Amino acid sequence: MPAHSRDIAAINWQALVDEALRRRKAEGMTQREHAALAGVSVPTMAGFERAETTLTLAKVFDILRVVGLVEEAPQAGAQERFVREAFERWRTLTETLPDDSPARFRDGWYRFDYCLEGDLKTVSLTAFETVLKRAQLKLTGWPVFMTETRPEIAPREVDGTIECWLGAEAGRENLAFNDPAHFDFWRAAPTGRLFLIRGHQEDSQETFPAGSILDTTLPVWRMGETLLHAARLASLLRADDNTAITIRFRALYSGLTGRVLKSWANPLSDLVIEGHGARSDEAMLEVEAPADALKDNLAAFVFPLVSSLFERFGVTGLSVKRVETEVDRLLKSRI
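For the sequence shown, this note's numbering begins at 1 and goes up steadily by one.
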């Protein structure tokens, strides 16, 4: 051992992997759930558990952090901790539901999270709930971070956040909607951190089996809508009119295996694209954007997200113009 080692032992890689695997199983997490909490793909998670040494250190830290094997400073990874806690809370809420409950998202889901970076106002949870209602956009029939007034599904204060779980109604008779796309779970913190998980809308149709397609237009609308929500919330929370706010947005699409890319939700869309079967089960997409630049340049930020998602289905060469056309439809829509 080199003289400058200062008694620091070499990493026993296999022992570290074995301990992470032991802790995952002790907590009742599946491999896919561990991957989702860590923000890595299932193949990456599987490679880690095979003790492969080709993973980046950043991904290894993300995996180990979930099971408490990485010490971190109190302010480090605040958004990652927020997302992990929100996802774990959703798991806790859904684990008592029947196996066939649509609120469990058995055929897949997508989750969005974003944080606002900049000088924000300090607001109470009560005031923040009012701000969230003002930030809600009515561009689609089922908007992101939707609030309801019925006590059983109305947003409430939980662990210093505002939380809403529409899945609490799963199984109730005479529901207008009883499918994965309408049982959202979301959390929002007054520090400008938000999380949303929702089942795929494509899985609620009778014309094709659940888990068989991913629509070409829905990702444009959903991610675009969420970025606009972030920009709206930034305008309401910024300390003053001169404050610059940066939005860090992330999307994770899960349950892609067995799906093909197909134009379905909007037959009039210019995004009539047919792709091959998904090449991976998950797709992690990220973008950073100045809040003030989003509304006038939304397509420029949505385009790389959608392009990356489509590449999982063998679709390359997507033009900016086609995404701009669909984003323009979103901006002109009103419910």
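Because the hints were derived from the structure by calculation, they are not lab data. Just so you know, these numbers come straight off a predicted model, no measurement behind them. Honestly, I wouldn't trust all of these hints.
No farther apart than 20 Å at their CA atoms in a straight line, the calculated lysine to aspartate or glutamate pairs in the EDC-like style are these [unchecked claim]:
1. Lys332 with Asp281
2. Lys321 with Asp281
3. Lys332 with Glu311
4. Lys138 with Asp328
5. Lys121 with Asp296
6. Lys262 with Asp241
7. Lys121 with Asp107
8. Lys138 with Glu157
9. Lys59 with Glu95
10. Lys133 with Glu157
11. Lys133 with Glu152
12. Lys59 with Glu19
13. Lys138 with Glu148
14. Lys295 with Glu206
15. Lys25 with Glu117
16. Lys138 with Asp296
17. Lys133 with Glu95
18. Lys262 with Asp107
19. Lys321 with Glu311
20. Lys25 with Glu88
21. Lys262 with Glu163
22. Lys25 with Glu95
23. Lys262 with Asp296
Here's how the hints hold up against the structure:
{"no.": "1", "hint": "Lys332 with Asp281", "in the structure": "violated (33 Å)"}
{"no.": "2", "hint": "Lys321 with Asp281", "in the structure": "violated (28 Å)"}
{"no.": "3", "hint": "Lys332 with Glu311", "in the structure": "violated (28 Å)"}
{"no.": "4", "hint": "Lys138 with Asp328", "in the structure": "holds (15 Å)"}
{"no.": "5", "hint": "Lys121 with Asp296", "in the structure": "violated (25 Å)"}
{"no.": "6", "hint": "Lys262 with Asp241", "in the structure": "violated (43 Å)"}
{"no.": "7", "hint": "Lys121 with Asp107", "in the structure": "violated (40 Å)"}
{"no.": "8", "hint": "Lys138 with Glu157", "in the structure": "violated (24 Å)"}
{"no.": "9", "hint": "Lys59 with Glu95", "in the structure": "violated (27 Å)"}
{"no.": "10", "hint": "Lys133 with Glu157", "in the structure": "holds (14 Å)"}
{"no.": "11", "hint": "Lys133 with Glu152", "in the structure": "holds (18 Å)"}
{"no.": "12", "hint": "Lys59 with Glu19", "in the structure": "holds (17 Å)"}
{"no.": "13", "hint": "Lys138 with Glu148", "in the structure": "holds (14 Å)"}
{"no.": "14", "hint": "Lys295 with Glu206", "in the structure": "violated (36 Å)"}
{"no.": "15", "hint": "Lys25 with Glu117", "in the structure": "violated (35 Å)"}
{"no.": "16", "hint": "Lys138 with Asp296", "in the structure": "holds (18 Å)"}
{"no.": "17", "hint": "Lys133 with Glu95", "in the structure": "violated (29 Å)"}
{"no.": "18", "hint": "Lys262 with Asp107", "in the structure": "holds (17 Å)"}
{"no.": "19", "hint": "Lys321 with Glu311", "in the structure": "holds (17 Å)"}
{"no.": "20", "hint": "Lys25 with Glu88", "in the structure": "holds (15 Å)"}
{"no.": "21", "hint": "Lys262 with Glu163", "in the structure": "violated (33 Å)"}
{"no.": "22", "hint": "Lys25 with Glu95", "in the structure": "holds (16 Å)"}
{"no.": "23", "hint": "Lys262 with Asp296", "in the structure": "violated (28 Å)"}
Hint compliance for this structure: hints 1, 2, 3, 5, 6, 7, 8, 9, 14, 15, 17, 21 and 23 are not met, and every other hint is.
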